[in-house]
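Participant: Line order of the protein sequences matches chains A and B.
Residues in the first sequence are numbered consecutively from 3, following this note's numbering.
Residues in the second sequence are numbered consecutively from 3, following this note's numbering.
Some hints could be false.
Pairs count within a copy or across copies, as identical chains cannot be separated in the list.
In silico DSS-like pairs for lysine-lysine, Cα to Cα no more than 30 Å straight-line [said to hold, decoys possible]: (1) K21 / K182; (2) K176 / K21; (3) K165 / K21; (4) K48 / K176; (5) K165 / K176; (6) K36 / K182; (7) K187 / K165; (8) K48 / K36; (9) K36 / K176.
Because the hints were derived from the structure by calculation, they are not lab data.
There are 2 protein chains.
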Amino acid sequence: MIERLNEYIDHTLLKPNAKQADFELLCAEARLYKFKAVCVNPYRVKYAASQLQGSGVLVATVVGFPLGASYTSAKVGETMMAIDDGADEIDMVINISALIDSQTMVVERDIERIVQVAGRRPVKVIIETDALTNAQKVQASLLCIDAGAAMVKTSTGFFAGGKGATVEDVQLIKRTLDSKPGGDKLGIKASGGIPDRAGAEALIAAGATRLGTSRGVAIITGAKSDAKTY
Amino acid sequence: MIERLNEYIDHTLLKPNAKQADFELLCAEARLYKFKAVCVNPYRVKYAASQLQGSGVLVATVVGFPLGASYTSAKVGETMMAIDDGADEIDMVINISALIDSQTMVVERDIERIVQVAGRRPVKVIIETDALTNAQKVQASLLCIDAGAAMVKTSTGFFAGGKGATVEDVQLIKRTLDSKPGGDKLGIKASGGIPDRAGAEALIAAGATRLGTSRGVAIITGAKSDAKTY
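Same shape as in the complex, but just chain A (with noise of 0.2 Å):
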């Protein structure tokens, strides 16, 4: 049994069709729990920051989300435009296609802008795992390293078909973090999919240092949860 499971738990609200109430729900769950972090869409950091001024909990926001098949300079937009708006972690999503095709240089260029305009803010890298073979996973998971990324990110949520985080895959990031000099400084946020408290720990188990959840209240009262997580 982890405790302060809450600490670990981006509560998480991503859905484009979200109204004003949902966020404002969200952030007072946000308080009342003690959860890590809200993570929200760009258009809501504003309002979120404004609602959890003072509480300590984070607002984390997305960047080139879902898919990651924008311009980076777009995604350099993205985060300059959403640290004005006061968001204090920035989740990107990797160049997909271009890893799949092995543009190396064209996924760590990526990632490594994104980590200079955000200074001293955590980027989270969403690698999304059900798109990669294993071997693609710990490339991405390397280039996090190299590119300086505070953290690997599994998975959006939104990717058709998807799993989301998973035992294996966090574990296969865990070693290929540990695998090089400087990779154990980085966490590992698993997110999408995870059902309830015991899959939560046993993503915790396996490495993750962070969950991206949209049941972070069914998961730390115990109660049942249809939400679709992401």
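Fit chain B to the known structure of chain A by using the hints.
Facilitator: Same frame as chain A, now just chain B:
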């Protein structure tokens, strides 16, 4: 039986894990079948434009895709970069969340800014019908007229549990456009989930002037296809 059905089709590949070889095939098919356009993510616009030079096939790309929940300025930047890379048409996603919250000025201004920077290039505005009530679909379509859009587009193909384009929604959008002065100048792009030639023809009969599908070849040739449509 609609003639030249091929000329209605935006041959679409938006999967984040598509490879360069997939885009090569997409462009070759678009040339062969003389589709109206290909529709690709920003990162692949330059490649598609190079492959399709002189072919008469247009290059469409997506902006703020598929959630629509980023900053207007980020969408503007994406649009400018895509045009630089050779995009002929821009398919943007509205700020769905703002529409649902009745922040109509936010939604309209978001569209207007993209129309401005797109200049002579048509802007198709994705309203994501699966996320909206009928009243919201009507409102979104009216905003498209006011903001200078070239087309109302039904769906991203990425909405969780969504059906994509339906005959009923196309009819509703058509009636809405016809109800307002200037509205009949706008086209309608039906996208997402178009199963086959009969489905395509039903959407055109309902008022669609463009079809967005990853099943274009199967629709034209009558072949069976299991491809998920985006």
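Participant: With identical chains, the pair K165 and K21 could be close in the same copy or across copies; at 30 Å between alpha carbons, which is it: within, between, both, or neither?
Facilitator: Close inside one copy (26 Å) and across copies (21 Å); limit 30 Å.
Participant: Please sort K36 with K176 into within, between, both or neither, judging by C-alpha distance up to 30 Å.
Facilitator: within (26 Å within a copy, 49 Å between copies)
Participant: Checking an output row: K187 and K165, CA cutoff 30 Å. Within, between, both or neither?
Facilitator: Close inside one copy (27 Å), not across copies (44 Å); limit 30 Å.
Participant: Using 30 Å as the alpha carbon limit, work out where K48 and K176 are close: within a copy, between copies, both or neither.
Facilitator: The answer is neither: 33 Å in one copy and 36 Å across copies each exceed 30 Å.
Participant: With identical chains treated as interchangeable, where does the CA-CA distance between K21 and K182 reach 30 Å or less: within a copy, between copies, both, or neither?
Facilitator: Cα proximity of K21 and K182: across copies only (28 Å, versus 43 Å in one copy).
Participant: Within a copy, between copies, both or neither: where do K165 and K176 come within 30 Å Cα-Cα?
Facilitator: within (19 Å within a copy, 39 Å between copies)
Participant: Please sort K36 with K182 into within, between, both or neither, judging by C-alpha distance up to 30 Å.
Facilitator: neither (33 Å within a copy, 50 Å between copies)
Participant: Within a copy, between copies, both or neither: where do K48 and K36 come within 30 Å Cα-Cα?
Facilitator: Within. Shortest intra-copy distance 20 Å satisfies the 30 Å Cα cut-off; inter-copy 46 Å does not.
Participant: At 30 Å max between alpha carbons, let me know whether K176 reaches K21 within a copy, between copies, both or neither.
Facilitator: Answer is between; shortest inter-copy Cα gap is 27 Å, intra-copy 37 Å.
Violated hints, listed in ascending order, are 4 and 6; each of the other numbered hints is respected by the structure.
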